[in-house]
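Enquirer: Using the sequences plus the hints, can you model the full thing?
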Amino acid sequence: MSSSSFCHEKEGWGPTSSTRILDFTLCFEEGGIVTPINCFLFLFGVFELYRLSKKRPVIPTNGLRNWHFITISVALFLLLVTSLAIFLSTTLKLGVPLLDIQVVSAAVNVLAV
45 MSSSSFCHEK EGWGPTSSTR ILDFTLCFEE GGIVTPINCF LFLFGVFELY RLSKKRPVIP
105 TNGLRNWHFI TISVALFLLL VTSLAIFLST TLKLGVPLLD IQVVSAAVNV LAV
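Remember, this note's numbering sits 44 above the position in the sequence shown when you count from 1.
Honestly, the hints are just simulated from the structure, not real lab data. Please note: incorrect hints may appear among the correct ones.
Straight-line distance between alpha carbons at most 20 Å, and here's what the computed EDC-like set of lysine to aspartate or glutamate pairs gives [stated by the list, open to error]:
id: 1; residue 1: Lys137; residue 2: Glu55
id: 2; residue 1: Lys54; residue 2: Glu73
id: 3; residue 1: Lys54; residue 2: Asp67
id: 4; residue 1: Lys137; residue 2: Glu53
Computed spacing ranges between beta-carbons, pair by pair [unchecked claim]:
id: 5; residue 1: Asp67; residue 2: Pro101; range: 44 to 50 Å
id: 6; residue 1: Val125; residue 2: Ile77; range: 32 to 38 Å
id: 7; residue 1: His112; residue 2: Thr63; range: 43 to 49 Å
id: 8; residue 1: Leu136; residue 2: Arg100; range: 41 to 47 Å
id: 9; residue 1: Thr63; residue 2: Trp111; range: 43 to 49 Å
id: 10; residue 1: Trp111; residue 2: Leu132; range: 29 to 35 Å
id: 11; residue 1: Tyr94; residue 2: Lys54; range: 40 to 46 Å
id: 12; residue 1: Pro59; residue 2: Phe121; range: 33 to 39 Å
id: 13; residue 1: Ser97; residue 2: Thr135; range: 16 to 22 Å
id: 14; residue 1: Thr63; residue 2: Ile116; range: 38 to 44 Å
id: 15; residue 1: Ile65; residue 2: Leu122; range: 29 to 35 Å
Glycine included, every Cβ here is placed at the ideal spot set by N, Cα and C.
Expert: Dropping the structure here:
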């Protein structure tokens with residue numbers, strides 16, 4: 045068991061796995077690769093929303109009949125549903141505390157979407 049209370053995997057923070065060949069440990073993947081990328085996306089997403097809120101609104105002439113708008117909206121909705129499903133499945137696992145890197149990474153992923 046790892047000495048860190050934030051990583052509850054038997055391999056610890058790694059970075060390389062001792063049981064899988066040419067693979068990172070789960071805590072290293074979630075804490076060192078995935079979570080910083082999602083934090084970066086979240087911060088720049090908030091900045092982009094602020095920047096777009098200050099612009100003059102542009103009303104499309106064809107509204108919801110625009111296939112590009114509908115495609116992006118459906119893709120973002122599916123991405124959000126998938127991220128929420130991963131977050132809920134991670135938090136509902138028996139034996140995984142809420143302050144674990146897997147749970148925190150899934151929560152940051154939902155926020156980034």
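Enquirer: Decide, hint by hint, whether the structure agrees.
Expert: For each hint, the structure was consulted:
no.	hint	result
1	Lys137 to Glu55	holds (19 Å)
2	Lys54 to Glu73	holds (14 Å)
3	Lys54 to Asp67	holds (15 Å)
4	Lys137 to Glu53	holds (14 Å)
5	Asp67 to Pro101: 44 to 50 Å	holds (48 Å)
6	Val125 to Ile77: 32 to 38 Å	violated (23 Å)
7	His112 to Thr63: 43 to 49 Å	holds (46 Å)
8	Leu136 to Arg100: 41 to 47 Å	holds (44 Å)
9	Thr63 to Trp111: 43 to 49 Å	holds (47 Å)
10	Trp111 to Leu132: 29 to 35 Å	holds (32 Å)
11	Tyr94 to Lys54: 40 to 46 Å	holds (43 Å)
12	Pro59 to Phe121: 33 to 39 Å	holds (35 Å)
13	Ser97 to Thr135: 16 to 22 Å	violated (31 Å)
14	Thr63 to Ile116: 38 to 44 Å	holds (41 Å)
15	Ile65 to Leu122: 29 to 35 Å	holds (34 Å)
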